[in-house]
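Student: I would like the entire structure built from these sequences, with the hints used as guidance.
2 protein chains.
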Amino acid sequence: MPGKRERRAIRRAAKALAMEEALEKQRRTDEKYMRQAMKLAQKAEALGEVPIGCVIVHEDRVIGRGYNRRNTDHSTFSHAEITAMKKACRVLGDWRLEDCTLYVTLEPCSMCAGAIIQARIPRVVMACSNPKGGCAGSVINVLEEKGFNHQAEVVRGILEEECSRMLSAFFTALRKRLKSGD
Amino acid sequence: MPGKRERRAIRRAAKALAMEEALEKQRRTDEKYMRQAMKLAQKAEALGEVPIGCVIVHEDRVIGRGYNRRNTDHSTFSHAEITAMKKACRVLGDWRLEDCTLYVTLEPCSMCAGAIIQARIPRVVMACSNPKGGCAGSVINVLEEKGFNHQAEVVRGILEEECSRMLSAFFTALRKRLKSGD
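Same order as they appear, the protein sequences are chains A and B.
For the record, in the first sequence the residue sitting at position 92 is 92 according to the working numbering, with numbers rising by one throughout.
Just add 1000 to wherever you are in the second sequence, counting from 1, and you've got the working numbering.
Honestly, the hints are just simulated from the structure, not real lab data.
The C-beta atom is built at its ideal place from N, Cα and C for all residues, glycine as well.
Do not rely on the hints blindly, as some may be mistaken.
Stated by the list, open to error - Which chain B residues stay away from chain A? Per the calculated CB distances, all over 10 angstroms, these:
#1 I1010
#2 H1079
#3 K1086
#4 Q1118
Stated by the list, open to error - Pairs of lysine-lysine, PhoX-like flavour, derived with a Cα cap of 25 angstroms:
#5 K1043(B) with K1087(B)
#6 K146(A) with K1146(B)
#7 K1146(B) with K132(A)
#8 K1043(B) with K146(A)
#9 K1087(B) with K87(A)
#10 K176(A) with K1087(B)
#11 K86(A) with K1146(B)
#12 K1086(B) with K87(A)
#13 K43(A) with K1043(B)
#14 K132(A) with K176(A)
#15 K4(A) with K1087(B)
Tutor: What follows is the structure, encoded as C-alpha cells:
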C-alpha cells in the first residue's frame, strides 16, 4: 500500500485523467453533431444558398434540423437555426428548449442568437465566427449578455477549419459566377 | 410687397410650419397604427397571454398583423413581431421588408429586434420600453447597432401610457389569480 502522500497524488492524477477523458468525449460528441450540421449546410449549398446548417440535440437525440433557405423561401426566418428550433419546439411541445445543445456551422446572427436566448437553450456549439454580423461575440454578444434572464454557454471552433473552407469555397464560386455574368 | 428681409422671414416661418405639420401628421399616422397594434394585443390578452400586438405598414397599407401567442402555440416564435413579419414577407414575396414601418406595443426582445435587422425594416415605432429584456436600448440596442450592415430608425413612446396601462392591468390580474390559486 502506498503512503498517504502517494495515495493523494494517485487520486489527484486519476481525477485529472477522468476530467480530460470527459472533455475528450465531449469534443468527440460535439464533432459528431457538427458533422451532421455540415451535411445540412451542403443541402443549402445545393440550392445556391450560403451553406449554413444546424442541428439541435436533446438527450443524445437530434430533435431539430435546419439549413439556410432564405432566398429559396423568400423568408427572413428560413435561417438554419430558426428552422431547427421550430422543429425542436414541436418535438418537445414547448417553447422552452431547456437541456438542449444547438450546433451551428456559423456564428448566429442577431435574430438567431435572440431566438436561442428566448428559447433558453443552455449550450451553443459553433464552428466559424462571423465578423460581419455574428452575435456570439463578433459584433455584439447576445448569447452571453448578463442583462437578460438567460445566458447560453458558448463553445467555439468545433470543426472550424472544415466549415470555414466550405464557406470560402462557396463565396469564391459565387464571385466567379457573378464575374462571368452567369 | 414686403421687403427682402421680411420675405425671407415669411419663407422661413412657412418652412418651419410645414415641418411641424408634417411631424404632427406623422404622429397622428403613428398613433392610428399603434391603436391597431393595441387591438391585436387585446386578442393576446383574451388568450391569457401577455398583451403585445404588432402591425407592419407598407405604403399606408397594413401587410402584416401579429399578437403574442407563445404559450398557446408552444412556440418561441409566436411573438407578435415575428408573426406580423412572416405575413408581411408573404405579401411582398421577399425576405426584405424595405419601405415598411413596424408598430409594436412593447420594446422588441433580442430575437424580434434581430429579425427586424435581418429583414432590413427601416423604421420601428414602439409604445412602452421593456427594462428587463428590451433590445432597442433598454438592455442592449440591436436596432441601432452600427456594427451591423443595417440600422433601424426607432420612434419611442407612441401611445405609451395606454399600452403601459394595458400591460400593468394584465400583470396585476395575473398576480391576483396566482395568489388566489386559480
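Student: All the hints need checking, so say for each whether the structure fits it.
Tutor: Hints and how they fare:
1. Under the 10 angstroms C-beta cut-off, the non-interface status given to I1010(B) relative to chain A holds; the minimum distance is some 48 angstroms.
2. For H1079(B), the shortest C-beta to C-beta distance to chain A comes to about 8 angstroms, within the 10 angstroms cut-off, and the non-interface label is violated.
3. Residue-level check failed: K1086(B) sits 6 angstroms from the nearest beta carbon of chain A, not beyond 10 angstroms.
4. Residue placement check: Q1118(B) does not keep its beta carbon more than 10 angstroms from all beta carbons of chain A (closest about 5 angstroms).
5. A distance of roughly 17 angstroms separates the Cα atoms of K1043(B) and K1087(B); the hinted pair therefore holds under the 25 angstroms criterion.
6. Restraint check: the Cα-Cα separation between K146(A) and K1146(B) comes to about 21 angstroms, which is no more than 25 angstroms; the hinted pair holds.
7. A C-alpha spacing of about 11 angstroms is found between K1146(B) and K132(A), which places the hinted pair at or below 25 angstroms, so the restraint holds.
8. Between K1043(B) and K146(A), the direct Cα distance comes to roughly 32 angstroms. Violation of the 25 angstroms bound is thereby established for this hinted pair.
9. Between K1087(B) and K87(A), the direct Cα distance comes to roughly 20 angstroms. Compliance with the 25 angstroms bound is thereby established for this hinted pair.
10. Only pairs whose Cα atoms come within 25 angstroms are accepted, and K176(A) paired with K1087(B) is rejected, the gap being roughly 35 angstroms.
11. With a CA separation close to 30 angstroms, the supplied pair K86(A) and K1146(B) exceeds the 25 angstroms bound.
12. Straight-line distance between C-alpha atoms of K1086(B) and K87(A) comes to about 17 angstroms, which keeps the hinted pair within the 25 angstroms bound.
13. Distance hint between K43(A) and K1043(B) is unfulfilled; the C-alpha atoms sit about 39 angstroms from each other, more than 25 angstroms.
14. Distance check on the hinted pair: K132(A) and K176(A) sit about 22 angstroms apart at the alpha-carbon level, within 25 angstroms; holds.
15. Taking the CA atoms of K4(A) and K1087(B), the gap is about 71 angstroms. The hint is violated against a cut of 25 angstroms.
The structure is inconsistent with the numbered hints 2, 3, 4, 8, 10, 11, 13 and 15, although it conforms to all the rest.
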